[in-house]
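Going down the list, the sequences are from chains C and B.
Residues in the first sequence are numbered consecutively from 1, following this note's numbering.
Residues in the second sequence are numbered consecutively from 1001, following this note's numbering.
It is worth saying that the hints were derived from the structure and are not from the lab.
C-beta atoms are modelled at their ideal positions from N, C-alpha and C, and glycine is treated no differently.
None of the hints are false.
Covered by chain B, according to a simulated footprint, are these stretches of chain C (three or more residues, beta-carbon under 8 Å):
1) 52-59
2) 62-69
Short derived list, chain B residues pointing at chain C, Cβ under 10 Å:
3) F1008
4) F1028
5) A1040
6) W1047
7) A1055
8) L1056
9) T1107
10) G1111
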Amino acid sequence: MLVLTRKTEQTIRIGDDIEIVVVEVRGDHVRLGIRASRDVSIVRGEILAEVQAANREAALAEAGDLETLADMALPLPAEK
Amino acid sequence: MTIETTRFGRLDVDPRAVITVPRGLIGFPPDQRFTLIEHAPNTPFRWLQSVDDPALALVVMEPHAFFPEYEVDIPDADAELLGLAAPEEARVLTTVTIQRAPREVTTNLLGPLIVGLGSGRAVQLVLGDDRYTTRMPLPTRDPGSQSAQAASAAQAA
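Okay, chain B solo, but in the shape it has when bound (with noise of 0.2 Å):
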């Protein structure tokens, strides 16, 4: 199938690498249809684009590339709706937030999205995990930012 993007222009999708959200992403209409871009390869950043909605695409990322530690409970109900038979038919995704001045890039690791690989629908959790914030910072080398710097303070630790 071929869809419109404003980003992107025109792309061409495979009709199976279509993940619906039926409950749609929170903020956002139910039941809307997206397709993940890998636009920068070999790194964790991903493009959740819409496929009904040219201008909708938000930056996910595989957090464990970062936080390797990270955990997410999937609920029974959620499991059943995804088709979830076992942990490795889940696709962990979540939100990534740039900020330009200053330069900022945060995670969202309290409202991931959790894709079932083989129903190629996806959830979006809430969790109630103290750990987690919807802005962990991610570490980067750009001098300055609050996240380099507390990753060099960590380093130095």
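Same shape as in the complex, but just chain C (with noise of 0.2 Å):
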């Protein structure tokens, strides 16, 4: 891995499309700012890691886990 020491305002460049700008350094937080055009995805590493459980959980149900839960699910609003 590429580590770099950076001071606040500072930039790092990736390819020609992508700026990263330290904003803010307070503590053990620090404030980034990402230039990159909208069709990079650009999202938190904890964020993706919740969603590959969250999908890997969603594969555990069983055959009858559906009946249970049109049984114990509030009356739901009219369906379009």
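These two chains come separately, so use the hints to put the complex back together.
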């Protein structure tokens, strides 16, 4: 892994299209600004891990679980 | 076409109802093919059953049944991949997690699946929206569950 030391307001360029700016450093919190075109997906790493975990958990259900779900869920708003 | 499934046995699937996920569900291989099974009719819940892997099926739901205000911003590049010309051509689904003890049902509003109805392609997005979490409780009638308490508290308020 490439490790760089940067100060507030200094930047890092990744390729031609992505710029990362150190906006603020306070204690163990770093605020970063990211400039990239809209088609570049930018997500927090831990959220990606959470989504992956939720996918795996959704795949653990057994065939009978859907009837249980239908039974326990509140009366639904009228479906369109 | 006929597919094998571990949960539902052998199923006939209309090839036009096959959904391909070119980039894969997050944490799953790319180019997997799925189909939606309406196992419990008249509910917002479905199975997203893999066509290629008999044992792989995820519980998904129509999030708007419980979260009518739920909004998803689909990036242009994804809309293009899905062949979307209008919002009505997208079907939004979210995965559902069922905890057995304590009984708790949650849905992942941060990682919705967007299906292009015309193209049969789907992507899983990761939203940067602070209003949502990967574990939003569904209101249930089961007393004692956190979400049921939350729902009754909301009604009382």
